[in-house]
Amino acid sequence: MHGQMNRAPAAEDDDRIDLHQVVDFLVRRRLLIGFIAVLTMALALGTALSVVSTFGADRGAD
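Numbers 22 to 83, taken from this note's numbering, label the letters of the sequence shown in order.
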């Protein structure tokens, strides 16, 4: 009653659905990795600026 009566022709669509799931997973994973990479780079940049400003202030004080 849900329109799944013709199950045989839908066998070809299974590969397409799996491909979509794989692409979906890869896109989400890429977004997650990109987010983590941006977060890490921002943290590293902040740490580097903090260290540079600290050493710069120390050098200026001397």
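Just so you know, the hints here were simulated from the structure itself, not pulled from any lab data. Glycine is no exception: its CB is placed at the ideal position from the N, C-alpha and C atoms. Incorrect hints may appear among the rest.
[To be verified] Cβ-Cβ distance ranges computed for the label pairs, FRET-style:
1) Asp39 x Gly77: 50 to 60 Å
2) Phe76 x Asp45: 42 to 52 Å
3) Asp39 x Thr75: 48 to 58 Å
4) Thr75 x Val44: 39 to 49 Å
5) Gly77 x Val44: 23 to 33 Å
6) Val72 x Asp39: 27 to 37 Å
For each hint, the structure was consulted:
1. Hint check: Asp39 to Gly77, Cβ distance near 55 Å, so the stated range 50 to 60 Å holds.
2. The supplied range of 42 to 52 Å is met by Phe76 and Asp45, whose beta-carbon atoms lie about 46 Å from each other.
3. Taking 48 to 58 Å as the suggested C-beta distance range, the pair Asp39 and Thr75 conforms, at roughly 53 Å.
4. At about 46 Å, the beta-carbon gap between Thr75 and Val44 stays in the expected band of 39 to 49 Å.
5. Between Gly77 and Val44 the C-beta distance comes to about 47 Å, which lies outside the given range of 23 to 33 Å.
6. In this structure the hint that Val72 and Asp39 lie 27 to 37 Å apart at CB is violated, the actual value being about 48 Å.
The structure shown violates the earlier hints numbered 5, 6.
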